[in-house]
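**Q** Protein sequence lines, in the order shown, are assigned to chains A and B. Note that the first sequence covers residues 1 to 490 in the numbering used here. Note that the second sequence covers residues 491 to 592 in the numbering used here.
No lab work stands behind these hints: they were computed from the structure. From the three backbone atoms N, C-alpha and C, an ideal C-beta is built for every residue, glycine too. Any given hint could be a false lead.
Covered by chain B, according to a simulated footprint, are these stretches of chain A (three or more residues, beta-carbon under 8 Å) [unchecked claim]:
| id | region |
| --- | --- |
| 1 | 22–29 |
| 2 | 157–163 |
20 Å max Cα-Cα, derived SDA-like pairs, lysine to any residue [said to hold, decoys possible]:
| id | chain 1 | residue 1 | chain 2 | residue 2 |
| --- | --- | --- | --- | --- |
| 3 | A | K153 | B | V565 |
| 4 | A | K40 | B | D583 |
| 5 | A | K153 | B | K515 |
| 6 | A | K103 | A | Q411 |
| 7 | A | K153 | B | A566 |
| 8 | A | K153 | B | T584 |
| 9 | B | K515 | A | R360 |
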Amino acid sequence: MVSMIDLDLINPNLLHLAPELSLFIAAFAVIVLDLVARDKRLLAWVSGAGLAIAATLALGLWGERATSFADALIVDELSVFFKLLFLGITFLVVLASQDYVRKFERFQGEYYGLILFACVGMMLVASVGELVSLYIALELQAFSLIALAGFLKDARSAESSVKFLLLSAISTAVMLYGMALLLGATGSTYLTDIAGRTREAFAAGRLADNAPLLLALVFLLVGFGFKIATIPFQMWVPDVYEGAPTPITAYLSVASKAAGFAVLLRVFYAVFGEDTVATDWRMLVAVLAIVSMTVGNVAAIAQQNIKRMLAYSTIAHAGYIMVGLATLTQLGQGSVLFYLVAYSFTNLGAFFAIIAIANRTGSDEIDDFAGMGRQAPFLAFVLGVSLVSLIGLPPTAGFMGKLYVFNAAVQDGLWWLVLAGVLNSVLSAYYYLRPIRVMYLGEPKAATSSLPSLPMRAALAISLGGVILLGILPGGLIDLAASAVRILTA
Amino acid sequence: MPGLTEYLLLSAVLFTIGLYGALVKRNVVVVLMCVEIMLNAVNIAMVAFSRFVVPVELTGQVFAVFIMTVAAAEVALGLAIILALYAHRGTVDTTNIDLMKF
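Same shape as in the complex, but just chain A (with noise of 0.2 Å):
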């Protein structure tokens, strides 16, 4: 028994947290701000600083290897990696809600707070080791991202935040149902004890053969499966997408999914990773990638609404996504955060060049974005790039993910996973080009002019050249995300 607290033990490295701790502080401050601020736009500089001083932070902890807070805090190159994705996606939904706030006059400190605590919680979510902190950093990025979807405050915005705090409600109940079972199986909720027990019980047999185990996989699964929008946990994504503020839903697409996928890809590999168990999770992991990739596009093809189209068409890119998680080899793993990274930048282009359209057209719907080409070229450009990189035709980033990833499975022998991912992006491209061909070839339905603001403007001009850079010159991301995995096989 232990009766005195050891700090020793415990050994709690401020610097291994500081990013978060400075982004914490960051989000107080903001709300605190809005208080005595005149010119709510200090507000958006606040938190960009914010974001700016723990992205050097977390720069400074890359190459270090340490575990601390009992190690329930981790500290590798795939944390480092995440964190860094997910302040650069936050600094651009930052940079991108400028536009969107003036619809709601009162409350912008808290927005702005909300968005950095759903970072914090992100970037915690990619570095924990334990199970308590994992269940605590995933419910501070969702009841933040909950009550962002309903920021509005109209119709829409409640049902869509109603529905999806009742639908993470009950797959996260669901999720903690399975680390009970495997505390259960396992007497720890440390990562690395959990991968131990489970490395003795798994060298006598197959997974089937060990219920406990088994269920508390699945149940991880539903929990982790909500967060990266896979069918059949994808119930709640079109709605809570269409409902939301823009700006929260370009966010929600990217930065919810790649937490997702880094819980998945620490969880999994280290506690799941024996080879007798991960050869019969993989084909429910390449399962799910066909049905997710091919409902999400073919439901996707008959939607009016943009922002419903791209909710279905994040749902087929979990699919694509899960292609690279079902292989198994560094090359697969390297090939999800290359492809996460891709898919930011141009989800965030597509999602940002909406919110500028539609602040001239008072639209989301396709057929309102008639005419685009000649009244708004920059943006229809932006806009169609984005489109073409989704479908996955070079010079894209999209096209070089799609090919890393593919790559990454016909090496492993998954042959008929990729003809099922080419298949379906030939399928998608039909729906993709319809807003591009609306935008050139579509008459104006009324001269509208709203010139997006500077910030507006450079969140868009990053998201294009991030997607086309990616898309000319990707091996250094290729190296950086191949040194990141480096730890999930040591």
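For this one, chain A is given, so just place chain B on it according to the hints.
**A** Relative to the frame of chain A, chain B by itself:
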């Protein structure tokens, strides 16, 4: 005195009742209550496992305390959103929350 099996059985039954209610009930507030039943079923399993599998450590008990705390925050958030929804629609029936569907 009941053993681990009895506690786990109770937990499984409660969890199933909660899940059934969460998927079937039409009133959003009732759905939220059913989720609470599911979380409490998890708490029972946590504490039982902790008591019978690793009696010296209090891992499961600590986990249960955290689950209760987060569940309270969840209810606060949920009720606020339900109020906002009620202000617009005048109903909290899930069959009527259908502004957006496929």
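**Q** The structure should be examined with respect to each hint, and the outcome stated for every one.
**A** To see whether the hints hold, each was checked on the structure:
no. : hint              : verdict
1   : 22–29             : violated (count 0)
2   : 157–163           : holds (count 6)
3   : K153(A) x V565(B) : holds, 18 Å
4   : K40(A) x D583(B)  : violated, 38 Å
5   : K153(A) x K515(B) : violated, 25 Å
6   : K103(A) x Q411(A) : violated, 50 Å
7   : K153(A) x A566(B) : holds, 17 Å
8   : K153(A) x T584(B) : holds, 18 Å
9   : K515(B) x R360(A) : violated, 42 Å
Violation of the numbered hints given earlier is confined to hints 1, 4, 5, 6 and 9; the remaining hints are satisfied by the structure.
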